[in-house]
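Heads up: the sequence lines are chains L and X, in that order.
Mind the numbering: the first sequence is residues 0 to 98 in numbering that gives the first Met the number 0, read in order.
Mind the numbering: the second sequence is residues 0 to 370 in numbering that gives the first Met the number 0, read in order.
Treat the hints with caution; some may be incorrect.
Residues from chain X that face chain L, not an exhaustive set, calculated with beta carbons under 8 angstroms [said to hold, decoys possible]:
| id | residue |
| --- | --- |
| 1 | W73 |
| 2 | T75 |
| 3 | V81 |
Calculated directly from the structure, the hints in this document are not laboratory data.
Backbone N, C-alpha and C fix where the C-beta goes; we use that ideal spot for every residue, glycine too.
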Amino acid sequence: MMVRVALPAHLRVLAHVQGEVKVQVDGAVTQRTVLNAVEAAYPMLNGTIRDHTTQQRRAFMRFFACERDLSHESPDAPLPVEVAEGKEPLLVIGAIAGG
Amino acid sequence: MSKVHVLVGTRKGAFILTSDGKRKNWEVSGPHFAGWEIYHMKGSPKDPDRLYVSQSSGWSGQVMQRSNDGGATWETVGNKFVYDGVPGTHQWYDGTPHPWEFKRAWHLEPSLTDPDVVYAGVEDAALFRSDDGGHNWKELPGLRRHGSGPHWQPGAGGMCLHTIILDPSDEKRMYIAISAAGAFRTDDGGETWKPINQGLRSQYIPDPTAEVGHCVHHIAMHPARPGVLFMQKHWDVMRSDNAGDLWTEVSGNLPTDFGFVIDVHAHEPETIYVVPIKSDSEHFPLDGKLRVYRSRTGGNEWEPLTKGLPQSDCYVNVLRDAMAVDRLDECGVYFGTTGGQVYMSPDAGDNWTPIVRDLPVVLSVEVQTLP
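Looking at chain X on its own, in the form it has when it is part of the complex (with noise of 0.2 angstroms):
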């Protein structure tokens, strides 16, 4: 029988949640590295024995870890993250020039083909590689030296590289997004790098509409469909059928289209969710009602998921890492949010139930559906 894996990062540690197919009774593992922040755990989709993980604290800094055993045992790994020649300078939030600084890894991405092969989006944005399982990390400094990385400024949770999307298409092109630049796109395997927002409109910065300076949450693609990209912006949820070359939005009747999180269900590539928030001062949901929102027409036409999420009361928040998708023939909708409970759906959203309720802060979600 099917298998699934739910790996949570939290501001204290992280947590491994294991079900059978029928996702109703769960185990919980951890807090693995207790006491230190788990911005984000991944597994290889090659080997799902191998994990990465990006361990933090304000202490002591970066720690990334690695197991091979799905997690039943870890191995300390390379923590080494070093700037391409010399670092140069981004915007700090006045506006002044202020140097690269190596803060944190905050999202990990697994090489499609090769289990040794990661990616890491870190903080001050930069993206950097491992090709040894971790060990050691090199930049892909083409990112960083577009031209416009000068010009660069940190959203309120800083300056963060926080999604990376490969193509299982095209494995010389990914995907990266940055609080505040933007989204980017490599056509060339990481040598050099485009924008890719035009489309995008962000009334708080002084021009809406420029090439790069736009606070992007996140972005979610289905492997089925490479090209259409889905997107949570600060404000504005956007869609490109083309790579990324042109958005529209796709907000339609969202009660508000703040938020975090988007992801795309594993079998029906225009059905994306979304946790509306109520604003970028008010990071909670509407009137207390925690309700995702699913659009089965890839945007525009949104109905509201509420049976079983809490409908009084409620003002945690969902972050951009902390949803995602098993799949498994009816596809299950995981997230976490920053009280702690971890939600699952086994029917695509139309149900919740809390598999944990009392976690730390939830960073991060991801989802391994093994054989």
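Next up, chain L with everything else stripped away, as it sits in the complex (with noise of 0.2 angstroms):
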């Protein structure tokens, strides 16, 4: 499956890209699969959006997809069908902090 990964400014710049980006996840959809699957393709974002040791979701970034905040899901549960479809993206989103 070609899915489809939306970046926040900051970590576009990190990874030298513009707009989404495009990830092959093979088997399942999940959080944990997107995200190796971006980390692969840009080790650059390694340690950026989930934890190098623990794997767990950083506490300032979130996950949405579908109008829905997917971010205290399971690393393993799977996406909306229409993520794994490439019909919608995956939006890692820098929460909004500071003001």
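Using the hints, build the complex out of the two chains.
So, in structure tokens, the structure goes:
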């Protein structure tokens, strides 16, 4: 599956990309498999969305898709079908913090 | 003709200020890594085209950057900082045990002899080393495992290892400083460490002369005299003539001995600079007058340097890593402020001029003197 991922601006700069990125995900499409694919394609993003060691989402990063906040879903839960089919992007959002 | 690069880390990106040896006309490059906090940027003494940058953000944590061409292009390198073994705990602000957690790299110190070797001082306080140009980082755990480690406590800015000094005469000797644990020295390349805080006196801790617990803000050394150290402590300016074994106060006639920066003239090992700050609760210059103080006697006797600096309504701060000197024949002195100015003196502090006035909050300033 080709999955669309929208990164926040500061990570697009870091990854030297513009607009959405598309990554190939084989098998189940979950937060974990999508982020694995993103980090494999863009290794400079390692540790910037989730912790290197625990693989947990960084506190001020959020995951949205299909108008839902998926940040607290299990990283192994299937993402919405629209994301898996490439119709909708997984949005990686930097939380609004600090004014 | 010689050239000067001023490497400026700010709250919202990095800037490189470049001039020839006259230091009159400056080119400004940046912001590099716009929007990210740049705690520190430093070049290798062995290969000045090799730059290392500590880049971080509250959202995405730590990133490390490296340049092999003096900042024209950048490469993201390793950002995995994992404490050795079971991290254990240090003390939290309220005295309770708190697990060691990596937050950011405050200071990068490239090796004096190998461009691929670089040290990183991090928060929560630990020392890491990379032997492959920043791709992989390994803790030197002997420091954190010093018996006092569980009793270290953060200062107001966090429990950061902010100062790393390499002894040019002895590759096994290194000094570091931690807020608010104090200063430490290794004589065996980082295997074991010794607290070097004897002579410090800090009224804000239960035992003012404790072995550890002192809020050291910065230490400076002249490479020609590596056993002589100068320290700006939270309060008090100190010096040691025996590699930190004993410190004596040299605040002398300073109007206030609180401050963050301290540095040494490039060619005069007894000429030192500080920027006095009013107090620990009022982080700005006394009376709204930005004054660098210079001692030509290694401390105690200080003179204010004011020419070209604002002498009214100035309420900026100068953070601990935000002063540096160049090595031109007439030593240049540089410092950055929380108001975004980077000031430069081409004549050892007699006259000052701003290179830039409106950068984001300046976190660090380093200078490269290039042939």
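Status of each hint after checking the structure:
1. W73: Since the shortest Cβ distance to chain L is 10 angstroms, the answer is violated.
2. T75: 4 angstroms, holds
3. V81: 6 angstroms, holds
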